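Could you put together the complete structure from these sequences and hints?
Number of protein chains: 2
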Amino acid sequence: MPQSPVLRAAYRARAAAADLAPLPRAAKDDVLLAIADALEVRTREIVEANAEDVAKAEEAGTSEAIIDRLTLTPERVRAIAADVRDVVRLPDPVGEVVRGSTLPNGLELRQVRVPLGVVGIIYEGRPNVTVDAAALCLKSGNAVLLRGSSSAYKSNVALVTVLRDAVGGAGLPADAVQLVPGESRESALELMRARGQVDVLIPRGGAGLIRTVVEQSTVPVIETGTGNCHVYVDEHADVDLAVDLLVNSKAQRPSVCNAAETVLVHQAVADAFLPRALRALKEAGVTVHGDEAWAKAGAAAGVEVVPVTMDDWDTEYLSYDIAAGVVPSLDYAVQHIRTWSSGHTEAIVTRDTAAARRFVAHVDSAAVMVNASTRFTDGAEFGFGAEIGISTQKLHARGPMGLPELTSTKYVVTGDGHLKGGPIP
Amino acid sequence: MPQSPVLRAAYRARAAAADLAPLPRAAKDDVLLAIADALEVRTREIVEANAEDVAKAEEAGTSEAIIDRLTLTPERVRAIAADVRDVVRLPDPVGEVVRGSTLPNGLELRQVRVPLGVVGIIYEGRPNVTVDAAALCLKSGNAVLLRGSSSAYKSNVALVTVLRDAVGGAGLPADAVQLVPGESRESALELMRARGQVDVLIPRGGAGLIRTVVEQSTVPVIETGTGNCHVYVDEHADVDLAVDLLVNSKAQRPSVCNAAETVLVHQAVADAFLPRALRALKEAGVTVHGDEAWAKAGAAAGVEVVPVTMDDWDTEYLSYDIAAGVVPSLDYAVQHIRTWSSGHTEAIVTRDTAAARRFVAHVDSAAVMVNASTRFTDGAEFGFGAEIGISTQKLHARGPMGLPELTSTKYVVTGDGHLKGGPIP
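If you read the protein sequences in the order shown, they are chains A and B.
Under the UniProt record's numbering, the final residue of the first sequence carries the number 425; numbering is consecutive throughout.
Under the UniProt record's numbering, the final residue of the second sequence carries the number 425; numbering is consecutive throughout.
Errors might be hidden in some of the hints.
Stated by the list, open to error - Below 27 Å or equal to it, Euclidean Cα-Cα: the simulated DSSO-like pairs (lysine-lysine) are:
hint	chain 1	residue 1	chain 2	residue 2
1	A	K296	A	K282
2	B	K420	A	K282
3	B	K420	B	K282
4	B	K296	B	K282
5	A	K154	A	K282
6	A	K420	B	K282
No lab work stands behind these hints, which were simulated from the structure alone.
Please read these numbers as outputs of a predicted model, since none were measured by experiment.
And the structure:
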């Protein structure tokens, strides 16, 4: 057994993962139902523990938005339990045969989905992530190491206690769900260096957290979440539709990663589009950070336009702000997007099939929308049922990550005593 | 433009990758055919450059096996060109629709294969890897940064010159294929830290090289190659078949990663199996490093058995040696394998379907063989045509990696002006 508490937790998680991997769906669904029931039965102890975290955050003068994300009410605990029951209804990815064939020598080859093993989640002060992540990991046969924010420590301890009791009560190893011991930065670093013990780390939170994990981790990481998303209004766009789509992409819920942060407009359609877009954005409460063309249109329309800077092109506002430029061509828009995008979601508005094909082919992001709002990049919208995050990297998973993205595969090869270089048996 | 030569190369590779990504198959196949032709036409300059590397290696007293791997003859260059033509015949993974559906709101969702972008290969003194890796990367629409061994530097310069001339001659950016500038350790380290510029690093070589890349790299890495493979002879094994399968797994070509390194035998079949296995292994030139049961059987059969140590269980011999133990049960064998295996390939020999199912379910390796030699874990044997390596990690790719494993995916979503939360258009 290793000395450090974090490595000991990882070691126990590995042992639990070995027990979880071969479980059939029914056994995993039973555990999830037991968890949902236990959350409801033990709501009071969860809410009481959470109240201590909230009181501490209020004393520390934490902002209202962050306290809101931290707070658990009986209604919210019920909603979390309902989310767990939704995971029960999702198909089990484990055991799916991804490809298979009979080889020329008669060997039967099958590539089968298997759990990843031990999944580490590093996240910030949202206690609902504790349960969501555990439910998705258990359903996909993985053990999970949860490393939440110290601001939610008491809430997480209470939630993980309920989870572990339910897992243990169902006859499975409680160590399939563990809170990483210690609230210190060192314990997070230890988790990031536990290569060989932890199969993947998924950071969920702000850009700073994700950068730290990517730089420090020797465990493979899946980057999630940063969304500097673009809407490009093509010269062949329907202007009305483009205005609606821009406002929806930006303002329907600006605080999330799939909200638009930049709009680029083909110069051929600028005269028609800019005045109407400015009025509609103003009505939606959005401040435009625009280039000269936007500034001029703003002056003419009586709408204030803040001068755009290089920093604006690089910014994920997550607020009622948008960077705005006019471009001479679709290719110029693509080049701008390739330069500044975080690779999450970009949309084109056009009636021209050739323009749509060219945009889709040349933009290199997790999701490309043609005449649809950027806000649709989402596991639930895509029909995946639940998501553990939205990957903005290219390896293993890209875009919304559902249950299949929490699996690996294994080749199973069956023969009759087949020898390499030998006769076919 | 960045200051460092390595980062400048990565920057140019990114630009080239943007041009390669949307290319149709025909354009990529034409480049590969031009490369194959150029390799044959310019064989002389390649072999001459290689002769300088070989002379230097001979002066340095390099072992014959390593010099053999380094050496290029006109025949070997022709074989390399033939391998490139084989890649032409493989289907293009780019553009494959991996999944797709029409969402309830009418949005059309497609998940499409796209190139990874810039692939870095760090490898040792085999100049054929230079061309193999470049061909596979180009076919899958990726730019490639090649970082070979300094012992093959002149050969690699000559080969990459031929490759770049052929790529440029076909009207594509020559920077799609680049040798990483500099032979120093620092240049390799810079490549490993070029996260954001390089999409994935694939080390090909010995365990030391792979460990360094895994530990130093901030670029995502795919671990390849280490194979501490096991053969388990079950109590329900056909003894004749088990002996043949063990000898084939161990001795058919001991220097490769899918050769067996340990045999575990169920005690119920040990009396029947051990004497015959010992004689067959001796005949094949294999030294057995055995536990007490094997030692006793060796003494009785007049075959020398070296006492096995903990280190032996952990060793990828790549030679005519095998570690050997007798185990009380299938579960004990599985536990041994989970403890010591590198996660490459394990085989069970049994006539019992329940034992086969249990072994397959509980062994956590890239490939599990039932009554087949471990030697079959191979891209060519699996029908993938060519392989860039055999991944022993769980993220992104596991087992033999063909062209699809050199791709990512992108979601393309097409609508008629769909707004989140809005009416269906």
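Original post:
When the hints from earlier in the document are held up against this structure, which numbers fail?
Top reply: Violated hints: 3 and 5; rest satisfied.
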